[in-house]
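Protein chains: 8
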Amino acid sequence: MASEINLDFDRPERIGLSEAVFCLGKTPTQVAEAIAIAQARNLSMLLTRLDPPAFAALPAAAQAALDYDPPSRTAVVGAPRRAEGEPLVAVVTAGTSDLPVGREALRTLAFYGVAAREIVDVGVAGLWRILKHEQELRRYPVVIVVAGMEGALFSVVAGLVGGLVVAVPTSTGYGAARRGETALHAALASCAPGLVTVNIDNGYGAACAAIRALGRGVRETAAASGRAAPAARG
Amino acid sequence: MASEINLDFDRPERIGLSEAVFCLGKTPTQVAEAIAIAQARNLSMLLTRLDPPAFAALPAAAQAALDYDPPSRTAVVGAPRRAEGEPLVAVVTAGTSDLPVGREALRTLAFYGVAAREIVDVGVAGLWRILKHEQELRRYPVVIVVAGMEGALFSVVAGLVGGLVVAVPTSTGYGAARRGETALHAALASCAPGLVTVNIDNGYGAACAAIRALGRGVRETAAASGRAAPAARG
Amino acid sequence: MASEINLDFDRPERIGLSEAVFCLGKTPTQVAEAIAIAQARNLSMLLTRLDPPAFAALPAAAQAALDYDPPSRTAVVGAPRRAEGEPLVAVVTAGTSDLPVGREALRTLAFYGVAAREIVDVGVAGLWRILKHEQELRRYPVVIVVAGMEGALFSVVAGLVGGLVVAVPTSTGYGAARRGETALHAALASCAPGLVTVNIDNGYGAACAAIRALGRGVRETAAASGRAAPAARG
Amino acid sequence: MASEINLDFDRPERIGLSEAVFCLGKTPTQVAEAIAIAQARNLSMLLTRLDPPAFAALPAAAQAALDYDPPSRTAVVGAPRRAEGEPLVAVVTAGTSDLPVGREALRTLAFYGVAAREIVDVGVAGLWRILKHEQELRRYPVVIVVAGMEGALFSVVAGLVGGLVVAVPTSTGYGAARRGETALHAALASCAPGLVTVNIDNGYGAACAAIRALGRGVRETAAASGRAAPAARG
Amino acid sequence: MASEINLDFDRPERIGLSEAVFCLGKTPTQVAEAIAIAQARNLSMLLTRLDPPAFAALPAAAQAALDYDPPSRTAVVGAPRRAEGEPLVAVVTAGTSDLPVGREALRTLAFYGVAAREIVDVGVAGLWRILKHEQELRRYPVVIVVAGMEGALFSVVAGLVGGLVVAVPTSTGYGAARRGETALHAALASCAPGLVTVNIDNGYGAACAAIRALGRGVRETAAASGRAAPAARG
Amino acid sequence: MASEINLDFDRPERIGLSEAVFCLGKTPTQVAEAIAIAQARNLSMLLTRLDPPAFAALPAAAQAALDYDPPSRTAVVGAPRRAEGEPLVAVVTAGTSDLPVGREALRTLAFYGVAAREIVDVGVAGLWRILKHEQELRRYPVVIVVAGMEGALFSVVAGLVGGLVVAVPTSTGYGAARRGETALHAALASCAPGLVTVNIDNGYGAACAAIRALGRGVRETAAASGRAAPAARG
Amino acid sequence: MASEINLDFDRPERIGLSEAVFCLGKTPTQVAEAIAIAQARNLSMLLTRLDPPAFAALPAAAQAALDYDPPSRTAVVGAPRRAEGEPLVAVVTAGTSDLPVGREALRTLAFYGVAAREIVDVGVAGLWRILKHEQELRRYPVVIVVAGMEGALFSVVAGLVGGLVVAVPTSTGYGAARRGETALHAALASCAPGLVTVNIDNGYGAACAAIRALGRGVRETAAASGRAAPAARG
Amino acid sequence: MASEINLDFDRPERIGLSEAVFCLGKTPTQVAEAIAIAQARNLSMLLTRLDPPAFAALPAAAQAALDYDPPSRTAVVGAPRRAEGEPLVAVVTAGTSDLPVGREALRTLAFYGVAAREIVDVGVAGLWRILKHEQELRRYPVVIVVAGMEGALFSVVAGLVGGLVVAVPTSTGYGAARRGETALHAALASCAPGLVTVNIDNGYGAACAAIRALGRGVRETAAASGRAAPAARG
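Protein chains in written order, with our numbering: chain U, 1 to 234; chain A, 1 to 234; chain S, 1 to 234; chain F, 1 to 234; chain Z, 1 to 234; chain X, 1 to 234; chain V, 1 to 234; chain H, 1 to 234.
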């Protein structure tokens, strides 16, 4: 049977983001095939949702090819770009249980060479924790806020800063937290203007949105189409 | 056909709260009959969810018997108790659209003679609005917080004060606000400890909870059962 | 990497409740770090949702520091306050499957030094079981009712007593019980006035609400702000 | 165009219940055609969900053919059977807003000649109201319980009596009552054994279930199939 | 700590059904205690939802006391009543996966001494399978129909017979079957009049409803209250 | 401002179906503009969901251009194709309230020149009504089944015939019918193999699916791409 | 106890599709019995949802009788029909995780002797992947599209081709993908006319629908009832 | 009674966006008061969700103060900033029914002086409509995509361009479109990386997000905090 993988190699040229391999629901053989393709083409590649048991099930050669980070369940093939300059993105997490999702965002930003700042455990039950970062947070063009339960932190941050605020609702909590739906709905129904959101637990998506907002994708594709790139920010 | 009303006259003795007439879904004849019974027994009675058209549909005698307040959709038959002393309850509303629900709570507290303080339009999109009341709010044994949309104000207030915080989610908002369900779930999944909630738009219920928490119901029924009343607070 | 824990040590002063460590979703390393911080500062600390496997995964030193109660999945670091005087709170459970949630409430009350009374297996299918406690229940300023399935016990109790009734819906049941949502909705849509509710299976939250209603949090923070404490009740 | 009505005239012979005309969503012409067919065949016929405006929109001849009862939104063509003997069914309603649904059940029972007893406004917020009927209720082979909001009355009654208890959840209430779903789920997840339920607001269906349980349908169809009829009960 | 079991021993006298022990969520110790109480009082007792692993976890003495049936997950302590005479109840299952639920109903009926008839694998995809039982099914005062997926069998049977039809929706199926909710909603929204339903997978409840409908509960409690029992049927 | 209409004129060539104008949510000006474009290009055009008030709000010239059918809420501009030969599609409706949706399907088929057969009011509560059409139904390559409430008719028909069965769930019913969702889920979770479904109340879509299944779209586009057309069926 | 299997052997004659054994929820004994019946009658039989562990739990003789394909979880007893001629159906999958569902469709088509074409990993994030198959896809009378997440591929394909497009939503994705419900709703609410859908992950059902649409069932049953078969297509 | 309006005048300085008045649920008096405050302070102010009847209910003076646009339901007090330079944002709508929401976004962008480009009626049922704008769309730093029904356009656009793509799901459609929830879930579960979304029908929020992403809020607040502003883009 022919290959079951049909990678979208033109994506970076088209939108400035390469195709990441979402490992949930893929067999070890399929994941290993994707890794081999990347190595054969000498491409860097990001893998997400690679649980430790899934990593352990890979062939040794595939494991050896990966820079694997268990908490964030991400792995990288090849050398990512080097992050330079001042951080342009802040990744803020409400509680300790939200850390893995925040780390997925940070690893994705690092893969694309975007410097970022992590601020942890600043949920609104102790409001002083986020307020002490208020002035700093106003400096970032993009702030990614990672929170579960009732997701009140999204609205609080979006009311404090003027950059793009990307909410990442998480499945932290139980009962009425509804596996992340309550935080998701809170982000969508926020009283703060211009807050945007991605899917539950989607730290990878929030990082991609940040990269889009920073104009990286526009710049790169612009180069391909002959248009002048927008000025870099920050 | 016999009477369709079977009022629970022993309720005040039992739980310290008299039966209120919930007017939604009742015919004008049924509402008027309840009013007549209260007048015949010389009782004070609270009516809730009496929309202006429903009020207008009542017989003139029934209308004349009522102290009617259109914004809160409440009406009172007879003289309510007099509120005395310092306010024991604060009623905090997030936005202008939440005012009618907050007013229902205030009218209910007034009916039972409980002094209360109203604080309006302090949603978290401008966090300074609630923070400037922080010290004052810590003084109240009970704080009722009325908010729709994402309901972030519930967690913010419950993280600031030590009294009982009763959330009243409202149906303010649209789309992902889901007619109040998002604010309701936010109250239930809050990261702040000990927050409690009542049904969507139920300002009346929040006020009754405040009265229970203040020990009024315990005191009154205690009198009937020979137990010493707890000391009043505040 | 810096600490992933950012405890809210000012919370007792602010709201009269210290931060509890919710162990679900935390790694053994994170839980052990929180225990070590409490020990280093000589603080008492409550841990909730610590399943037996999670307890067993802790380092021996962390285990030794804990007073662990498997049924309620709670653990305590250090010495809790001593409960004194007559019970102020009753914890009523509908069925045997609701016991662990009731025990979480009882352990939390004990941690804060609040004397409480447990009444078990009094579901409404045999109504005489709750009715025989009717007079006793009227004496408590706060009654916590723990029930799953259809949650009819919430309304029955709230119709009998005048104290604050806090419903704790549980995930007991199957099918239309919807993992606790039916009991939760029953508490919210109750025909009894002034009933309040917390999240599904949240015995900890109900106990915190009881402490708020008893004025403990108001008293303690009042001390910090120079206001006279309200008289203790009961 | 040919007739749009295709009535199931064999249904009484088959199951002991004739086809009722559910008027919601039918045009006045269609309702009138059904009435005319019944008159032409000299049959009795029950119509349900005939709102006053829908009744008013019928041709005068159709209106004149009907015994119309606005509160229950039912109408009868021709002479219903005469009810005889002691009541075999009790219809119990929790609140005033549940009356129209209870009346739909009572009108349906009357149409089939089944004597019934109505007990109104006995919701559990004042438990004494239902308890004073306890001994009487034990006498009925079938008890229909009509309740909205949290539907606690279903479980309470099913725990008190040994006859068939048919719950009719109603759309009374708001917010978490979810237009009758909470009462419906409460009936299904009841802790009382053997409680059955019909659709929200379906008083007609509950009455039909009572008639099935009383063996009327078995008896009548048995006659057609040559089997001895079961003895009537009560 | 005192006993965690508070059995409702008066239930048979009150409603003709004894308390069954629902084993899901109970510890082996709690189940064994209930068995010991029944043995000490020389009572028969039914246990439901006792999975094979839960049975295996019981102490040997408790296991020895049980007549255990793995497919239906039911067990009986002591001698059940003897079933006599013609079957009064038919238990009809749509597919092989619905059998365990049907068996729970049959075991419950047997426990109470009610003779019953089982008809299996007659789903509507091959309509002839149910139609060949049409005449027989009309003879039973009660027909229990057990079906998952789309639950079409409920309406088909209720359109064919005049006895009480009790639907038991099952969690058979996937996706849009929504773990039994679709079959449940189909039973409730049926176009056939007088169909009633119990909770998803609740074979025990359907059997109890049959016993109520057969007048067993009325007769027994009537004996206790001095009223003449209704004639037995069938 | 430029035109707000951007019609897909190549659609017939591409997929054999022309763009229909869905009138719900469009202003009279927008609908009239679409009609004018069709007239100017001398095209036939189908309009759906044109309620009588929306029709009445159109300019007189637009009204005059339409062949309008109020029950189905459809209108046609220009001359539809002539239907020829034997009917290839049967449209079966469960109840009178489902007729408008069935008529929308019939009008769409007529617009495309497909002969069809209508069979009405054959819901499963009287199973003989559909069974008497069993042999005839087996002759049609496509059977469209229109049903609301519990949607049992879908599975019954799909178990009887071998042609393509397209379910159209309708919003007929109340409560647990959930505005058509129960019938929709019943179609999806059907025990009969190969049943397909379209959206709730979407008679238009079912007719388009029939046209696709009959190979009309393949034939026409095939002509454009040089491939031999499949033989017409029937 | 009698057999628990009641196979519908007349189904091929009636609708052109034989009964497949859905193995989920069946015991190994029940599955083995079905296999033995097929062997005894010398019939071919398809088994679906036979997970590797379920296959491993079968008796050796049953295993030996099967042509088992783990990825699609299907097995075949006996010799399937031979596929001949040009492919009439295309099976298109959006991502690698959707492959098992697509394979279930392909195996079902092969069982019935229908030649098919597989096109993999053509999700819309890289639109060129599906567009390069546009001309080819227009040639198939039926196109089965298998997609999870947001299911955008359904509408895109249905806008490109004129054959019958059958959507198979899959449970691929997380969070807002809601275990396949979002893709399912996307198929139902599609802006492309005439798209039909089957249940989530139901590759088997989609293949059966294709066979119905190709007229196989009509032809075969027509043969039995004396009607001329429609011409085969393609 | 004191003012019921408590405007957040510092918001522009804080986040670069002024407070807009959401008119749904506000009384004419409240809206007029907000307008008067803006006029008294000589501020520009945006009003959203001002339906024509709500506009008509305003006092004449308030009406005169407004630049009102009925399709978008927006109004402006005072002079908005002048838009200059090349468009930085594209607003793409899938169908005619989505236009009002797109216009709300355009009016909001205009209020803040951001030049924008509108592209209408390019839904995926005719894919060529969006593909012909592919090169142009790659030039915009932000693309707002407005779509209802299945929302496939979001993923298609996000797969084509590298700028920030903000989805605005709309309530266009019926049945399984679920008043916009399906399009919302489609945006969240998209297979295209980095797509973000706002609430259903929230054109205003999408425009605010665009302004945040363009760095306007960062620049302005940066000025207040002494930080160098990022370079403007485009």
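No lab work stands behind these hints, which were simulated from the structure alone. It is possible that some hints are incorrect.
[Unchecked claim] Subject to a maximum C-alpha distance of 20 Å in a straight line, what follows is the list of computed SDA-like cross-link-like pairs (lysine to any residue): (1) K132(H) <-> I5(X); (2) K132(Z) <-> K132(X); (3) K132(X) <-> R11(F); (4) K132(F) <-> A110(F); (5) K132(F) <-> R117(F); (6) K132(A) <-> E118(A); (7) K132(Z) <-> D121(Z); (8) K132(U) <-> L7(S); (9) K132(X) <-> D121(Z); (10) K132(S) <-> S3(Z); (11) K132(V) <-> L131(U); (12) K132(S) <-> A110(S); (13) K132(U) <-> A79(U); (14) K132(Z) <-> I5(V); (15) K132(S) <-> I119(S); (16) K132(A) <-> I37(U); (17) K132(A) <-> S3(U); (18) K132(H) <-> P87(H).
A quick look at each hint next to the structure:
| no. | hint | result |
| --- | --- | --- |
| 1 | K132(H) <-> I5(X) | holds, 16 Å |
| 2 | K132(Z) <-> K132(X) | holds, 17 Å |
| 3 | K132(X) <-> R11(F) | holds, 16 Å |
| 4 | K132(F) <-> A110(F) | violated, 26 Å |
| 5 | K132(F) <-> R117(F) | holds, 15 Å |
| 6 | K132(A) <-> E118(A) | holds, 14 Å |
| 7 | K132(Z) <-> D121(Z) | holds, 13 Å |
| 8 | K132(U) <-> L7(S) | holds, 15 Å |
| 9 | K132(X) <-> D121(Z) | violated, 24 Å |
| 10 | K132(S) <-> S3(Z) | holds, 17 Å |
| 11 | K132(V) <-> L131(U) | violated, 53 Å |
| 12 | K132(S) <-> A110(S) | violated, 26 Å |
| 13 | K132(U) <-> A79(U) | violated, 36 Å |
| 14 | K132(Z) <-> I5(V) | holds, 16 Å |
| 15 | K132(S) <-> I119(S) | holds, 11 Å |
| 16 | K132(A) <-> I37(U) | violated, 59 Å |
| 17 | K132(A) <-> S3(U) | violated, 64 Å |
| 18 | K132(H) <-> P87(H) | holds, 18 Å |
Hint violations for this structure: numbers 4, 9, 11, 12, 13, 16, 17, all remaining hints satisfied.
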